[in-house]
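Colleague: Sequence:
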Amino acid sequence: MKNRKHGLHGKLKAKAGQGEALAKILLEAAELMKTAPGCELYVVSLDARIPDEVWITEIWDNENSHDESLNINGVRA
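Residue numbers (numbering that gives the first Met the number 0): 0 to 76.
Rather than coming from a laboratory, the hints here were simulated on the basis of the structure.
Treat the hints with caution; some may be incorrect.
Listed next, the in silico DSSO-like pairs over lysine-lysine satisfying Cα-Cα at most 27 Å (straight line) [to be verified]: (1) K33 with K23; (2) K10 with K23; (3) K23 with K12; (4) K10 with K33; (5) K33 with K12; (6) K4 with K33.
Predicted model, so just to flag it, every value in this text is computed and none were measured.
Construct the entire structure; sequences and hints are all you get.
Modeller: So, in structure tokens, the structure goes:
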């Protein structure tokens, strides 16, 4: 299938009381993703009911673009 998008939607659970701190780190990564080739969407959100759960939604033009984004300086950190 040509032009197949690659999407990820997942949850990270922070240590107790650290949900906002984790979200802040992920938002810093989102700034790096803005310049990543193929990134169409990178959203970080807190769960209003469970404040230590952080959701990340990503859409990429293809799986390879996502994989390459993990090599951007600062992303894995």
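Colleague: The structure should be examined with respect to each hint, and the outcome stated for every one.
Modeller: Verification of the supplied hints:
no.: 1; hint: K33 with K23; in the structure: 16 Å, holds
no.: 2; hint: K10 with K23; in the structure: 15 Å, holds
no.: 3; hint: K23 with K12; in the structure: 14 Å, holds
no.: 4; hint: K10 with K33; in the structure: 21 Å, holds
no.: 5; hint: K33 with K12; in the structure: 24 Å, holds
no.: 6; hint: K4 with K33; in the structure: 17 Å, holds
The structure agrees with every numbered hint stated previously.
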